[in-house]
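From first to last, the protein sequence lines are chains A and B. Under the numbering used here, the first sequence has 87 at position 87, and the numbering climbs by one with no breaks. To convert, count from 1 in the second sequence and add 395; that's the numbering used here.
No false leads were slipped in.
Only pairs whose alpha carbons sit at most 16 Å apart, straight line, appear in this in silico EDC-like list of lysine to aspartate or glutamate: (1) Lys518/B with Asp132/A; (2) Lys3/A with Glu296/A; (3) Lys57/A with Asp82/A; (4) Lys159/A with Glu248/A; (5) Lys518/B with Asp196/A.
These are calculated hints, taken from the structure and not from any lab test.
What follows is the residue order along each chain.
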Amino acid sequence: MSKSIDQAFVHAKQWLLSWLTGSPGWVVQVASILINIFMLLAVFLTLFALISVLERKILARMQNRYGPNRVGPFGLFQPIADGIKMLIKEDIVPARADKIVHFLAPVLIAAVAILTLGVIPYGRNMTPFTIDGGILFFFAVGSATELAVFMAGWGSNNKFSMLGAMRAIAQMFSYELPLIISVLPVVMVVGSLTPDRIVAAQAGYTYGLVPRWFAFTPWGAAAFILFSVSGLVESNRTPFDVPEGESEIVAGHMTEYSGFKYATFFMAEYIGMFAVSGLATTLFLGGWHAPARILEIIPSYVWFFVKLGALLFVYIWVRGTLPRTRIDQMMNFAWKFMLPMAFTCIVAAAVWHYAGRGLRGWLWSLVVIAVVYTALSILLDTKRKFAPRVYRFAE
Amino acid sequence: MSSAAFVIISVFTLAAALAAATLRKLMHAALSFAVALVGIAAFFFLLGAEFVGLALVFIYIGAVAVLIVFTILLTRRHAGKDRGFNWSGVAIAVAVFGGLTWSIVKTQSLSIVAPHVPALTVKRIGQALMTSYVWPLQCVGLLLTAALIGALVLVMEEKR
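Chain A with its partners taken away, still in its complex shape:
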């Protein structure tokens, strides 16, 4: 029974494809691809609408307000109202803007964000796009975001836009390194770049109790935190929303966008956040595996989305709690702390592997992480934390 619920979507797709029996192979192939794309868009656009209203509700709760509560029950229809508002707004293109680049930037950024969703396994046998180097695909396609942000900033022909784009690209490049390097220990330990294999490697339970997720090993926990922080930066969210800091540069690369183009940027940002959280779930939180054997009767995709939701809640929580960082603080943090820690995770994972992947390896890798962490915190404590900021170029 639970097995058939688990595979309900897979069977539904096979049933839909069974209508096409007899037609040439490529028709079935194209139909299968279209079904996957349709499902992916349907699920994640709904999730986008839901999260956009939930985020406002949660932030309001943290700031002791009510949040949206006028449209529909508990304000749940707010995204529909927002969508209609965005659609009927005037689309303003600046007179001196580069029209083509200005138009293509939101298209590219949204396309890239949606493409990265394709390689994540959402449940047992539920990977929309199975590819050998899935993890590589995720980062390769995701790296085109930088070009899209640049196009938005340059195409708008506005100084605020250009400054925002420069900041965005600087922080994306800096944090792409720890983001990718914190993935490497997992790839090393599993020995595969395929997301399905990585999820499969996290099946089972140690002592029949603790799930074998990589987040429960010292190197995995450290890499998970590094990955989540870098992912937060990559999706340009508070406290790392320097590129679009409202009080400094209006809205960064999105300054000259209005109406539905602005909504597209907004959507791309959220979808990017879903993609990074989804990949974090896949890499460190066991993907679609249940946290306990007794809970395996609940379908796999439910577990995936529960974990995704938990991560998204943490992202919203952080946004409601922390103020914006300064750009130089961010850069210092990336190069002086995140990068060495990410390299340490690789070493700790190797130690864990060669000490037999048991309790001994667990403790040894904890020692490696703890030693480097302590050393870094002593080294980086320069005793001039509260000195006045020195401006070198703006005198």
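Let chain A serve as the given structure and place chain B on it in line with the hints.
Only chain B this time, still in chain A's reference frame:
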């Protein structure tokens, strides 16, 4: 199916390359160049060489294209100015085309039927890199890490 895809990708890539060579605004040319690179990556995918295609997208779209557009942004004062006609460019283009044509015509293997080789999976590339080619890999890794640290040292604030 695959020959149709070949024609579509060829037209796409050639159009983008032509645009990169002829567009008046330098920034448009650079972006068209990035599009042409996407087309070349698509060729690798069509040939089943996933890894090469992904690496191409990763390095050329993610890094080199951004580097090029930033170089243009930071060096050009009059981005919209007419570039004029460059005869040395023609000479280089003719030389490259001639060289390629000569080497393609000279090869014997065009008439030979390609032997059946097993699919080039990412796993096989990884195994080859970590066993037969581990020394070159380590050297490249060391070089790139040194370059990374060197870049950091270059931009570090100087002590007063």
